[in-house]
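Here the protein sequences come in this chain order: P and L. Residues in the first sequence are numbered consecutively from 1, following the numbering used here. Residues in the second sequence are numbered consecutively from 1001, following the numbering used here.
Simulated from the structure, these hints should not be mistaken for lab results. Mixed in with the good hints, there may be bad ones.
[Stated by the list, open to error] Cβ pair distances, simulated, as ranges:
hint, chain 1, residue 1, chain 2, residue 2, range
1, L, Glu1258, P, Gly47, 18 to 28 angstroms
2, P, Arg250, L, Glu1108, 40 to 50 angstroms
3, P, Ala180, L, Pro1312, 35 to 45 angstroms
4, P, Gly86, L, Thr1190, 46 to 56 angstroms
[Said to hold, decoys possible] Chain P is nowhere near these chain L residues, computed Cβ spacing over 10 angstroms in every case:
hint, residue
5, Trp1281
6, Leu1282
7, Thr1286
Quick reminder that beta carbons are idealized off the backbone N, C-alpha and C, glycines included.
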Amino acid sequence: MPEMTMAEAIAAALDTEMAHDPHVILLGEDVRAGAMGVTDGLVARHGPDRVIDMPISEAAFIGAAVGAAATGLRPVVELMFADFIGVCFDAVLNQMAKLRYMTGGQVRLPLVLRTTIGAGDRAAAQHSQSLHHLFTSIPGLKCVVPATPADAHGLLLAAIRDPDPVIVCEHKMLYPSRGAVPEAPEPIPLDEARTVRPGRDLTIVAYAAMVHQAEAAVVRLAAEGIEAEIIDPRATAPLDATAILASVKRTGRLIVVDEGAARCGMAADIVALVSTRAFDALKAPPVMITPPHTPVPFAPALEDAWLPGADAIIATAPRLCAGGKEGGAC
Amino acid sequence: MNDTLAQEDLLGLWRTMVRIRAFEECVQAEARAGRVPGHVHLSLGQEAVAAGVSFHLERDDVITTTHRGHGHAIAKGVDATAMMAEILGRANGCCGGKGGSMHIADAEHGLLSANGIVGANAPLAVGAALSARQLGERRIAVAWIGDGASNQGAVFESLNLAAAFALPCLFVIEDNGYGEYTPRASVTGTDDLAARIRGFGLPASHIDGSDIFAVEAAARTAIARIREGEGPAAIVAEVVRFSGHFEGDTQTYRPSEEVAAARRERDPLSRFRRRVLEAGWLDAATLDAIAAAARNEMAAAAMAAHEAPSPPAETLLRDVSGEV
Ligand SMILES: Cc1ncc(C[n+]2csc(CCOP(=O)(O)OP(=O)(O)O)c2C)c(N)n1
Ligand SMILES: [Mg+2]
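Construct the entire structure; sequences and hints are all you get.
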């Protein structure tokens, strides 16, 4: 399997789908030049009629992608930063998400909205948010949040082939991260979690960049004798509840690490899932590790303090394993 | 002197332009030295619009600006040292290091905020105009807008709202021909942005924004009308962005001769200098002394920012909402 960066893996999936389906078109701001570092090169292969630079008019071109999807195209539209969703939220909230339902199934929307999430780039409050939970709270939308190049590749293939609108949240700090990607295009089902690492003592559920923080943490936890299992659900909607519940039923302990919202976010959602559906298995109260409930600050010292990471997991896990209703070590 | 401007006015315009130029060059050097967190968008080449429009603004007039807003802030009177500290993410920055280059704000000098969401500042300016009228205050509001931003729905809606209610708001469109890497002409249905704005029911002039005399005259007319209570106005100023979209942009999408030619022919500072020297309005020694003072001021601002501390951790949770 060739090694590539996440950005290259996403570009490869776009290239594959554009080659194999002439209905796939790419819309966005500076997608020809590839301002986000992903789509450059596609215009040379697929032409300016299919890779189309848009005016700074997100409400119009994301709304237009909905209309085009309803009438025969399979648009992949790029919103440079998830933060900009405010400008075009009606197209997402009231059009993209509801047209199929409201029309009694007459309209289908094979449409992908790719966008970037994530802090760490010193980009301040309006270019750093992780908003996957926002999309998850809207029925009618699917939402994926890849952590590796292989997942970004396989999930995007599946998203483009999916008959419903899928929002792909790409963590910008992961674009340069490298990993093996299958040569043959293999779509990854949107509803299948990945067990990143098996473990018997503790379940850590994480998305995107936080998967890598969890991986860093478990190595150090293992040295302390704590064997943590990492589950990356990969999608927030649909959510692979089965995998999460099965893991917690084995380990009895749960930490959710998510860069999204501290309130009404994926951490709260997954803790609610486990508390209501696997309460008897829990040996200790579940823990949510998220940023504080504040906008993302600009100054590096503040942004670093804002971001959750391996240290928070390492600080929490031993307490979780030592305490709890049965007490004792894991 | 020239017909409308006293020597003192000319000196003021020059001082503002060279202070913006020196500030931006300093930020550029800081960015190249790796000391600026994140991206910065410089306004090199666009100094005359900021200086010429702001020449007619009072301290309590409210402006809202864009990601490329350093020049507008300086021209409005925001302290360069506090701005530099903010851009470097320091505790003594004008926003305490919370905002950075794209979110410079200074309520005392009427800079409500710079904005990272293209076009989003226009409705805020309209709101500042509404509050002025409602509260019976004489101040006006200014929305700084790029050619790319002028295609945003929020901008169209703001033009209509301001026109419908005859609000005291000035819209300044700085047309530098690009939105990021995309040429304006390739994504805009008209070349005549001023005519498009007139369609909303407000006057709009179209000027060469590298000529500060043209800017100053257009701003004088527009702002006089607004202060008279006759409703909003707009200025479309054609300029050339001398630097990349952001500092570090390799600009492969742009013929390099484009910038070289503009630096020769459409540098607002050289044009001003040539004009005032030829007319005998000002002398070279005075101009040079002001430029040197501006460079010293900005170098000192950068030095001060280097030495300033990072914001303390406890500020992270402050100013979200609730108690002060
Ligand atoms: C809503 C929104 N869409 C896109 C962007 C990304 N973006 C930042 S600056 C910019 C170009 C703006 O062009 P223009 O308004 O002409 O201003 P200029 O950069 O030329 O000063 C774009 C597309 C953004 N910040 N916000
Ligand atoms: Mg522009």
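Violations among the numbered hints: 2, 4
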